[in-house]
Amino acid sequence: MSEHHHHDESVPHRHPLRADQDDTLTYWRAMEIAVRELLIDKEITTADEVRREVEAMDNRTPAHGGRVIARAWSDPDFRKLLLEDGNAACEAMGLERGLYKLVAVENTDKVHNVVVCTLCSCYPRFLLGLPPDWYKSRNYRSRVISDPRAVLGEFGTVVGDDAVVRVHDSTADMRYLVVPKRPSGTEGFSESKLAELVTRDAMIGVSFARQP
Amino acid sequence: MAETEAIAALFKAGDCVRVREAYPIGHVRTPYYIRGKSGVIERLCGAYPNPEELAYARPGLPRQPLYRVRFRQTDVWQGYRGKGDDTVDIEIYQHWLQAQ
Chain A
1 MSEHHHHDES
11 VPHRHPLRAD
21 QDDTLTYWRA
31 MEIAVRELLI
41 DKEITTADEV
51 RREVEAMDNR
61 TPAHGGRVIA
71 RAWSDPDFRK
81 LLLEDGNAAC
91 EAMGLERGLY
101 KLVAVENTDK
111 VHNVVVCTLC
121 SCYPRFLLGL
131 PPDWYKSRNY
141 RSRVISDPRA
151 VLGEFGTVVG
161 DDAVVRVHDS
171 TADMRYLVVP
181 KRPSGTEGFS
191 ESKLAELVTR
201 DAMIGVSFAR
211 QP
Chain B
1 MAETEAIAAL
11 FKAGDCVRVR
21 EAYPIGHVRT
31 PYYIRGKSGV
41 IERLCGAYPN
51 PEELAYARPG
61 LPRQPLYRVR
71 FRQTDVWQGY
81 RGKGDDTVDI
91 EIYQHWLQAQ
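Which chain is which? The protein sequence lines are A and B, in order. When you line the first sequence up against the working numbering, it's residues 1 to 212, in that order. When you line the second sequence up against the working numbering, it's residues 1 to 100, in that order.
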């Protein structure tokens, strides 16, 4: 008989139960349900269409952005297009064009870019998916804008004194994508191999691309 | 008003501008920390419906030119701890900018 069966059979879980998060009907939850049901009743949308949008939102991941960066590292013409017209570059790769104008900013030996939305949580969701919780936190938003080098240091990202740090505050109709520096020792790598080195955090600018 | 109608752009890349130091109530996209500060136009981003109007279900027309303005961090934050030429780039609508 295994160790497991020595426990009291009437207590199936030894670990504490995680509290439910969907059992409180807050003001905004009630508002969302009311608006959604009204739109469905009036045949403006359908429950399946709402479900599909949620599914599509969850399917957007930083892998899309990683493919774009890998192409920019591999193809000088594409890199130029990405820096001049980010939306056209995404479209050229068969990705969503995005609802907002995409501004790609390139990290070099002399410039390190990092993105924040101090007013809320604007983020290039069509390329990176949903933003991480810390990106939306007051802590990150209020500190990276005024003391970026210290915050980058907390992420383990040390930018030397020979480089300028540029913070981009995404306050209105632009969305930002950081093009990280291509890691050394990746000469001859295929695009798909390069894409594996491009992380979400590197495209926000709080870290560098992974070394192979 | 036609959706294509836009206010003419007054500034171009390289122009020195100052952000209006105003504190209107309502939905404003110009962060407090940058009001009254001086910077340089990095680029004209295009013209967009004014979010201060859109927020109240009005059309926000004519569209307002939107710029990316670059500020030196040492001009924005007293006692900035980074390097002197570090910058912050912010999107600011034309009606918040004055020629410097």
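I should point out that these hints are in silico values taken from the structure, not numbers from a laboratory. There's no promise every hint is true.
Subject to a maximum C-alpha distance of 27 angstroms in a straight line, what follows is the list of computed DSS-like cross-link-like pairs (lysine-lysine) [to be verified]:
#1 A:K136 x B:K37
#2 A:K101 x A:K181
#3 A:K110 x B:K12
#4 B:K37 x A:K110
#5 B:K12 x A:K193
#6 A:K42 x A:K80
#7 B:K12 x B:K37
#8 A:K110 x A:K80
#9 B:K12 x A:K80
#10 A:K193 x A:K181
#11 B:K83 x A:K181
#12 A:K101 x B:K37
#13 A:K136 x A:K181
#14 A:K110 x B:K83
#15 A:K136 x B:K83
#16 B:K37 x B:K83
#17 A:K80 x A:K101
Where chain A lies over chain B, by a calculated footprint (3+ residues, C-beta under 8 angstroms) [as the list claims (entries may be wrong)]:
#18 25-33
#19 50-60
Label pairs and their calculated CB-CB ranges [stated by the list, open to error]:
#20 A:T45 x B:P59: 18 to 26 angstroms
#21 B:G46 x A:K136: 24 to 32 angstroms
#22 B:G14 x A:D22: 50 to 58 angstroms
Here the structure is a predicted model, which means the values were calculated and not measured. Quick reminder that beta carbons are idealized off the backbone N, C-alpha and C, glycines included.
Report holds or violated for chain A covering the segment 25-33 of chain B, Cβ cut-off 8 angstroms, minimum 3 residues.
This one holds; 4 residues, not fewer than the three required, reach chain A with a Cβ under 8 angstroms.
Taking only the CA atoms, is the gap from A:K80 to A:K101 under or equal to 27 angstroms?
holds, 16 angstroms
Regarding the pair A:K136 and B:K83, is the alpha-carbon distance no greater than 27 angstroms?
At roughly 26 angstroms apart (the allowed maximum being 27 angstroms), B:K83 and A:K136 satisfy the hint.
With a cut-off of 8 angstroms between beta carbons, are at least three residues of the segment 50-60 of chain B near chain A?
With 1 residues close enough to chain A, the hint is violated.
Is A:K110 within 27 angstroms of B:K83, Cα to Cα?
Status holds; Cα separation ~12 angstroms.
Check whether the Cα positions of B:K12 and A:K80 lie no farther apart than 27 angstroms.
holds, 22 angstroms
Range hint 50 to 58 angstroms (beta carbons of B:G14 and A:D22) holds or violated:
holds, 53 angstroms
Is A:K42 close enough to A:K80, meaning Cα to Cα at most 27 angstroms?
violated, 47 angstroms
Between the alpha carbons of A:K110 and B:K12, is the straight-line distance 27 angstroms or under?
Status holds; Cα separation ~25 angstroms.
Satisfaction of the hinted span 24 to 32 angstroms by the C-beta atoms belonging to B:G46 and A:K136:
Given a distance of about 26 angstroms, which is inside 24 to 32 angstroms, the answer is holds.
Cβ-Cβ distance between A:T45 and B:P59: within 18 to 26 angstroms?
Between A:T45 and B:P59, where Cβ atoms are some 23 angstroms apart, the hint holds.
Restraint status (C-alpha distance of B:K37 to B:K83 at most 27 angstroms)
Within the cut-off at roughly 18 angstroms; holds.
Of the numbered hints stated above, those contradicted by the structure are hints 5, 6 and 19, listed in ascending order.
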